[in-house]
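J.: Listed below are the residues making up each chain.
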Amino acid sequence: MRPIVALPTRLLRHALRRLVWLVPTLAGVSLVTFLFLSYVPDPTEDPKLTAELGAERVAELRREHFLDLPRFVNTAPNDVRARAVLAVATIAEDGPAAEGARDELARLGGAALPHVIPALDGLAPTPRSKVALALAPVARRMRLVPRDETVDPERAASFWIRFWNDRGPEFRGNAVRSTVRRLSRYGAGTRATDLRALDTFVIEHIVASLEAPSDAASLGSTRALVDILADVTERNDRIPLDADLDTARACIDRWLTFEAIYGNDFRTLNGATRLTAVATETRYGKWLLFALSSRVGKTAEGVPVLTALGRRSTVTLTLVFGAITFAYLLATPLGILAAAARRRVNDLGVAVIVLTLYALPTAVVAVFVARVGGAGSLLLPTLLLALGLVAAPAGQQRAALHSAVFSEHALAARARGSSLLRVVVVHGLRHALFPTATLTTLEAPMALGGAFVLERVFGLGGLGEATLRAVEQRDIAWLMALSFFAAAFAAIGVFLTDMVYAIADPRVTSSVLDGARRRG
Amino acid sequence: MTHFRVLMARVLRSRRAAVGVAFLGVLALLGIFAEWIAAPAPLIATGPFEVLPAVVHHDRFVGLPESAAAALYKDRDVLWPLVHAGPTTPTSVGPHAGLSRAHPLGTDGLGRDVFARLVYGARTALGLSLGAILLSIALGVALGGLAGLRGGFWNDRLMRLVETVDTFPAIIVVALVRAMEHTPSALSLVLAVAIVRWAEVARLVRAEVLRASTEGYVLAARALGASPIRIFYTHILRNAAGPILTSAVFGVASVVLLEAAISFLAMGAPTPDASWGETLAQGASLWMLPTGAEDGARADAAALRLLLAPAFFLLITIVGSYLVAESLRNAMEPRTARGTPPRAARRDPDAPFTLRNPRKPRAAAPPHP
Numbered sequence: 161m162r163p164i165v166a167l168p169t170r171l172l173r174h175a176l177r178r179l180v181w182l183v184p185t186l187a188g189v190s191l192v193t194f195l196f197l198s199y200v201p202d203p204t205e206d207p208k209l210t211a212e213l214g215a216e217r218v219a220e221l222r223r224e225h226f227l228d229l230p231r232f233v234n235t236a237p238n239d240v241r242a243r244a245v246l247a248v249a250t251i252a253e254d255g256p257a258a259e260g261a262r263d264e265l266a267r268l269g270g271a272a273l274p275h276v277i278p279a280l281d282g283l284a285p286t287p288r289s290k291v292a293l294a295l296a297p298v299a300r301r302m303r304l305v306p307r308d309e310t311v312d313p314e315r316a317a318s319f320w321i322r323f324w325n326d327r328g329p330e331f332r333g334n335a336v337r338s339t340v341r342r343l344s345r346y347g348a349g350t351r352a353t354d355l356r357a358l359d360t361f362v363i364e365h366i367v368a369s370l371e372a373p374s375d376a377a378s379l380g381s382t383r384a385l386v387d388i389l390a391d392v393t394e395r396n397d398r399i400p401l402d403a404d405l406d407t408a409r410a411c412i413d414r415w416l417t418f419e420a421i422y423g424n425d426f427r428t429l430n431g432a433t434r435l436t437a438v439a440t441e442t443r444y445g446k447w448l449l450f451a452l453s454s455r456v457g458k459t460a461e462g463v464p465v466l467t468a469l470g471r472r473s474t475v476t477l478t479l480v481f482g483a484i485t486f487a488y489l490l491a492t493p494l495g496i497l498a499a500a501a502r503r504r505v506n507d508l509g510v511a512v513i514v515l516t517l518y519a520l521p522t523a524v525v526a527v528f529v530a531r532v533g534g535a536g537s538l539l540l541p542t543l544l545l546a547l548g549l550v551a552a553p554a555g556q557q558r559a560a561l562h563s564a565v566f567s568e569h570a571l572a573a574r575a576r577g578s579s580l581l582r583v584v585v586v587h588g589l590r591h592a593l594f595p596t597a598t599l600t601t602l603e604a605p606m607a608l609g610g611a612f613v614l615e616r617v618f619g620l621g622g623l624g625e626a627t628l629r630a631v632e633q634r635d636i637a638w639l640m641a642l643s644f645f646a647a648a649f650a651a652i653g654v655f656l657t658d659m660v661y662a663i664a665d666p667r668v669t670s671s672v673l674d675g676a677r678r679r680g
Numbered sequence: 005m006t007h008f009r010v011l012m013a014r015v016l017r018s019r020r021a022a023v024g025v026a027f028l029g030v031l032a033l034l035g036i037f038a039e040w041i042a043a044p045a046p047l048i049a050t051g052p053f054e055v056l057p058a059v060v061h062h063d064r065f066v067g068l069p070e071s072a073a074a075a076l077y078k079d080r081d082v083l084w085p086l087v088h089a090g091p092t093t094p095t096s097v098g099p100h101a102g103l104s105r106a107h108p109l110g111t112d113g114l115g116r117d118v119f120a121r122l123v124y125g126a127r128t129a130l131g132l133s134l135g136a137i138l139l140s141i142a143l144g145v146a147l148g149g150l151a152g153l154r155g156g157f158w159n160d161r162l163m164r165l166v167e168t169v170d171t172f173p174a175i176i177v178v179a180l181v182r183a184m185e186h187t188p189s190a191l192s193l194v195l196a197v198a199i200v201r202w203a204e205v206a207r208l209v210r211a212e213v214l215r216a217s218t219e220g221y222v223l224a225a226r227a228l229g230a231s232p233i234r235i236f237y238t239h240i241l242r243n244a245a246g247p248i249l250t251s252a253v254f255g256v257a258s259v260v261l262l263e264a265a266i267s268f269l270a271m272g273a274p275t276p277d278a279s280w281g282e283t284l285a286q287g288a289s290l291w292m293l294p295t296g297a298e299d300g301a302r303a304d305a306a307a308l309r310l311l312l313a314p315a316f317f318l319l320i321t322i323v324g325s326y327l328v329a330e331s332l333r334n335a336m337e338p339r340t341a342r343g344t345p346p347r348a349a350r351r352d353p354d355a356p357f358t359l360r361n362p363r364k365p366r367a368a369a370p371p372h373p
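Those sequence lines, one after another, are chains F and D. With our numbering applied, the first sequence has no gaps in its numbers, which climb one by one up to 680 at the end. With our numbering applied, the second sequence has no gaps in its numbers, which climb one by one up to 373 at the end.
Just so you know, the hints here were simulated from the structure itself, not pulled from any lab data. As the structure is a prediction and not an experimental result, all values here were calculated from the model. Careful: at least some of the hints might be erroneous.
As the list claims (entries may be wrong) - Quick look at which bits of chain F chain D covers, simulated, 3 or more residues with Cβ under 8 Å:
(1) 180–193
(2) 197–203
(3) 208–215
(4) 518–528
(5) 596–609
(6) 618–632
(7) 650–661
Glycine included, each C-beta is placed from N, C-alpha and C at the ideal position.
Taking the hints into account, I'd like the entire structure generated from these sequences.
T.: Structure (structure tokens):
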């Protein structure tokens with residue numbers, strides 16, 4: 161026995177189920193598109209660039225594009241521990257790579273100390289002093305005294321071990337976090353000095369508490385935090401004293417990007433964080449991070465993708481949906497005329513009109529019209545785009561009306577003396593209007609190609625222009641966002657169509673609901 | 005007589021279909037025999053004897069100027085094609101030359117023969133759409149059949165996929181593919197179009213599978229022990245051939261238009277391949293160019309040539325495929341079949357409505373150009 165549930169509730173349940181299925185669909189689309197786009201050759205793959213900038217700079221650029229990460233799953237996420245252990249081993253070996261490893265250890269800085277100093281005990285005396293000496297730049301940054309001990313091969317190792325016995329407990333996340341919080345809330349020079357003394361260990365905690373400043377007071381505390389970041393990373397990107405809020409926000413944006421790229425160089429992954437890093441330390445994870453946190457990343461011109469997408473899509477969507485509306489306004493009377501045509505001449509006439517509109521190459525007509533005038537306005541391109549779209553709805557209206565007018569209930573109405581016009585309007589149109597919903601979702605993606613051409617001819621700054629540029633410059637952020645929004649648009653269009661059917665047509669309602677019941 | 009043959013008989017009787025087939029046929033012949041119509045080398049040359057050197061030694065003539073090609077065959081008995089230039093041959097008359105006997109449609113901005121480019125453009129356009137459509141039919145039949153035969157969960161998921169893919173703009177897929185490749189190739193375009201178009205075929209096939217699975221002949225075949233694959237292939241697929249063919253013929257027009265749009269927009273790296281859209285783009289930029297009065301008239305004439313000639317070819321393609329597809333669709337709907345009116349109507353063409361006609365029309369398939 162079926163439980164008796166009110167129809168609106170069942171419809172709502174059906175709608176919700178469909179909406180929930182949108183999420184995996186869109187996630188799947190983004191995964192597939194990302195997989196596709198990950199094979200787009202990156203500009204850094206150009207051998208000319210390597211010759212120009214040097215291999216080191218190119219490696220850095222590739223890192224900034226996340227090309228060093230795997231696509232979807234990172235089975236061995238790299239953190240400060242792994243990097244420090246590798247650097248220590250390389251320095252101890254004293255091979256040709258030792259020089260680079262010393263730089264690396266200096267860069268890793270304070271965050272590496274919890275892994276480096278305990279490891280010193282396990283090394284033979286010579287490598288131990290080499291590693292300890294490599295830490296000298298870190299000591300300088302941390303302003304440790306006495307300075308000469310850190311550069312003395314005899315005493316450096318014992319200095320660091322003593323240092324760790326003394327100050328090791330300060331290298332704890334909780335303590336640092338509360339210091340950072342107090343600094344950003346109340347300010348004070350001593351707290352800043354304390355944080356500087358922990359070097360890169362503080363980066364993750366400071367970045368986590370960075371907030372876009374909203375007034376002069378928060379600007380001051382943010383400046384203090386950014387100053388510490390700039391000191392410990394030796395990356396001179398600070399908020400100037402006379403900076404306004406926008407400059408400060410841009411600076412914070414840059415630091416957040418820095419964290420997204422290099423953050424894991426200064427963070428120790430344990431348990432849960434290591435598990436999440438399997439998914440987040442991937443190219444897809446980074447894209448998702450940027451998509452969610454900073455308006456879907458930046459286009460090649462440096463504008464946030466979402467801003468550009470919003471501005472440009474208004475033009476293109478107006479063009480597409482305006483054209484579809486016009487096409488229907490034109491197609492419905494043509495369809496009625498053709499269906500009601502008692503004589504074949506009329507039918508043929510309509511067919512010829514429809515075919516001519518359909519076959520005229522939009523680009524050529526647009527080029528001729530554009531020279532006459534009408535630049536800048538959206539009306540003319542919309543109308544031109546509409547011309548090519550008339551054929552499908554007109555044919556569909558004709559067929560639907562034809563079958564509706566010949567249906568038995570229509571014949572019965574005719575027999576009772578209602579006029580042909582009444583039959584067409586009352587009995588025919590209702591049937592004929594249903595499929596238009598489906599047709600609209602199918603026509604919009606086809607009209608997009610035409611819309612791109614018209615944008616080009618009329619010089620409208622729409623999605624087409626940006627997409628062409630993105631293809632040329634291999635701008636993944638834009639292409640990814642564009643295809644994701646196209647898919648979202650398509651999926652929502654299909655969903656709405658289905659719901660319109662389910663609500664308006666009782667036959668569909670019952671079949672949809674029964675189908676849903678059968679499936680579970 | 006099978007259903008399909010009845011269909012074909014109806015189509016063959018239609019005059020519109022004949023016009024459409026003629027249009028498409030002429031274009032197809034142009035594309036297939038392009039080297040016989042326009043080539044930098046003769047069809048036949050003697051001493052040493054050569055047949056169609058433009059095909060046999062294709063590499064030799066790529067980008068070879070017209071005069072150099074002519075010099076190769078000086079003092080030999082040769083039979084030239086209609087136009088002495090291939091699609092990439094720089095001619096000796098220079099860019100934007102007017103109509104002449106040697107170059108019936110003049111030359112484009114790079115001094116290449118426009119007629120030759122249009123003829124080879126037919127090969128590009130039709131070859132591309134044929135490849136894309138065949139691939140999408142193969143994919144669509146396989147997946148649509150699978151969805152219809154398996155039913156249940158996978159059927160459901162596949163239909164969601166089909167809906168999403170069907171409403172995904174083809175031009176964006178092409179943009180993604182174009183961004184991926186270093187040198188644009190026709191193959192990638194075929195793949196890109198097939199990625200989008202298979203969904204429509206899958207929808208048609210699945211609908212036919214679902215409709216036919218309850219029919220007596222399918223039940224009979226199953227009772228006789230035929231495997232699902234066999235039933236699908238011998239009993240169901242043939243009935244789906246009509247709708248698939250219709251959508252394929254409509255598809256030709258839309259793929260040709262898409263290809264023209266892509267080359268018009270110059271998406272991706274430029275290629276030397278002939279394409280109607282590329283010629284159109286040249287004409288468009290020349291037409292929009294603000295020029296001086298005296299030079300303007302000449303530039304306008306050249307622009308008009310570059311615009312109208314490919315537009316005519318596009319028009320022919322689209323009209324041709326529309327007419328063929330229309331008559332196919334009409335043939336599938338007994339009510340509107342123009343070739344064979346229903347018997348009652350044949351007796352009295354003016355009798356508008358009869359209650360006794362027992363046939364109910366099937367729901368009209370949404371037209372999909």
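J.: Tell me, in ascending order, the numbers of any earlier hints that this structure violates.
T.: Number 3 - this is the single hint that the structure violates.
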